[in-house]
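So the protein sequences, as listed, match chains A and B.
The first sequence: position 19 = 19 (our numbering), numbered continuously.
For any residue, its number in our numbering is found by taking its place in the second sequence, counting from 1, and adding 1000.
Please keep in mind that the hints were generated in silico from the structure rather than gathered at the bench.
Beta carbons are placed, not taken as given, at the ideal position from N, Cα and C, and that holds for glycine.
Treat the hints with care, since some could be wrong.
As the list claims (entries may be wrong) - If you want the footprint, here are the derived chain B segments under chain A, 3+ residues with CB under 8 Å: (1) 1044-1058; (2) 1085-1097; (3) 1171-1180; (4) 1198-1205.
As the list claims (entries may be wrong) - Label-pair distances were calculated between CB atoms; the ranges are: (5) 28/A to 1182/B: 10 to 20 Å; (6) 1163/B to 42/A: 41 to 51 Å; (7) 1026/B to 104/A: 33 to 43 Å; (8) 65/A to 1220/B: 33 to 43 Å; (9) 1164/B to 104/A: 43 to 53 Å; (10) 1035/B to 59/A: 17 to 27 Å; (11) 191/A to 1038/B: 37 to 47 Å; (12) 1059/B to 29/A: 17 to 27 Å.
2 protein chains.
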Amino acid sequence: MALNELMGSTEDRPGLVEAGRSIEMESFRIIDAEMGEHPFPEDQWQVVRRVIHTTGDFDYARQIRFHPRAVASGVAALTRGASIFADTRMIAVGLSPWRLQWYGNEAVVPALHPESRIRAEEQGVTRSVAAFRGVSDQLNGAVVAIGNAPTALLEVLRLIREDGVRPALVIGVPVGFVQAAESKDQLQRMTDQPAIAVLGRKGGSSVAVAILHALLELAGNVNQ
Amino acid sequence: MALNELMGSTEDRPGLVEAGRSIEMESFRIIDAEMGEHPFPEDQWQVVRRVIHTTGDFDYARQIRFHPRAVASGVAALTRGASIFADTRMIAVGLSPWRLQWYGNEAVVPALHPESRIRAEEQGVTRSVAAFRGVSDQLNGAVVAIGNAPTALLEVLRLIREDGVRPALVIGVPVGFVQAAESKDQLQRMTDQPAIAVLGRKGGSSVAVAILHALLELAGNVNQ
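Just chain A, same shape as in the assembly:
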């Protein structure tokens, strides 16, 4: 049970600790036991395990790809209070306010800015593309999380390649049958950009949220 999805206020999590934590721990114990041996270092495994926990799907352990600096760079950015730029409202709403407040990370959905629609029409591109193009100067050192729109991920990759934009971490997990696999394959082949990608068709906003929660938990542990 991914408690996180329910969270509506920063007070919620502590109130759920007793019942919820024990279910989460039991779930993690089951996942550890069924997974058995795996190739992931401990910090990456905490990410993979939370994705499996959120999806009920061990396939993610085979399809996820980490840039070698991905977890360290993502955790460092979150610890510095970096903003999270997401392509869907579901990601922003799914993130636990309780965890976000540890370091004051803000979740931003640029496609909801009214200017994104205007820019999209002016430039003849999708709103997702216009949205990330419009905030390109804010992406340096930020965490980018794409759960839905391959076009948004492709635009972020273009900004990195052509405009020298440097996010601390790109989480690329758009789901789907058109361009999703291609966009994620491009991401995982970028050797100088910390990234976490799920190859193939699977992914989605819940997967992006699970990865971010795992990184926030790792950041939280640094601080304890």
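Take the given structure of chain A and dock chain B to it, following the hints.
Positioned in the frame of chain A, the structure of chain B alone reads:
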């Protein structure tokens, strides 16, 4: 690409029709082609296909279970303007306002009501349980969508069995490793309750949203 997850206002969908619809149609064409023969009647297949589209995972075609009256009862309820009672904010936010306005369906997350917390403490149950118990008199004829909390689904099943509550449709797709499979198995064994369930561990808020969007599209087509 599940366009639905991005939706922020009722204006959004028409603006995305040109680019988005063609991607959606192409995705559906790929899913139809790869799926080949299947046992679903046409209306159930529209639900299954949208779930596959949202998850990138054909496994759902093997794990989904429909009560014989599920689609008809759900579509009729939505067409009547029935409310949708969800266990997560992600479901409520993921639902496209554009589709909800066709029949004026309201998405309600009872766990966000402040009384849910108070009742949970008084009754010594989880907030999800207290939340659905607290709205039990509003569930008759409504659509219930559980994407996250097996305890919420188990409580809805208890309300149906013991208190004679009669939702028009129960969508039971909680994800996870503790109680999720058991709760969904109980749901699909109820012979007199229209229900859609995903057996096993998989599911989640995105799956619940996909099922609801498919039903809303079916309801929309009735009206055209």
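Just to make sure I understand the rule, a stretch counts as covered if three or more of its residues have a C-beta closer than 8 Å to a C-beta of the chain. Does the segment 1171-1180 of chain B meet that for chain A? With 7 residues close enough to chain A, the hint holds.
Is it true that the C-beta distance of residue 1164/B to residue 104/A lies inside 43 to 53 Å, as the hint says? At roughly 49 Å between Cβ atoms, residue 104/A and residue 1164/B fall inside 43 to 53 Å, so the hint holds.
Given a hinted range of 17 to 27 Å, is it respected by the beta-carbon distance of residue 1059/B and residue 29/A? Given range 17 to 27 Å: holds, Cβ gap about 24 Å.
Kindly confirm whether 33 to 43 Å is satisfied by the beta carbon distance between residue 65/A and residue 1220/B. Distance hint for residue 65/A, residue 1220/B holds at roughly 39 Å.
Consistency of beta-carbon spacing, residue 42/A to residue 1163/B, with hint 41 to 51 Å: 47 Å, holds
Please check whether residue 28/A and residue 1182/B have a Cβ separation lying inside 10 to 20 Å. 19 Å, holds
Starting from the range 33 to 43 Å, see whether the pair residue 1026/B and residue 104/A falls in it by beta-carbon distance. 41 Å, holds
Can you tell me whether the CB distance of residue 1035/B to residue 59/A sits inside 17 to 27 Å? 18 Å, holds
Counting residues of the segment 1085-1097 of chain B with a beta carbon closer than 8 Å to any beta carbon of chain A, are there 3 or more? holds (count 6)
If you look at each residue in the segment 1044-1058 of chain B, do at least three have a Cβ nearer than 8 Å to any Cβ of chain A? Holds: 5 residues of the segment 1044-1058 of chain B have a Cβ under 8 Å from chain A.
Please check whether residue 191/A and residue 1038/B have a Cβ separation lying inside 37 to 47 Å. 42 Å, holds
Given coverage of the segment 1198-1205 of chain B by chain A, tested with a Cβ cutoff of 8 Å and a minimum of 3 residues: Since three or more residues must qualify, the claim that chain A covers the segment 1198-1205 of chain B holds, with 6 doing so at under 8 Å.
Figure legend: structure checked against the earlier numbered hints; every hint is met.
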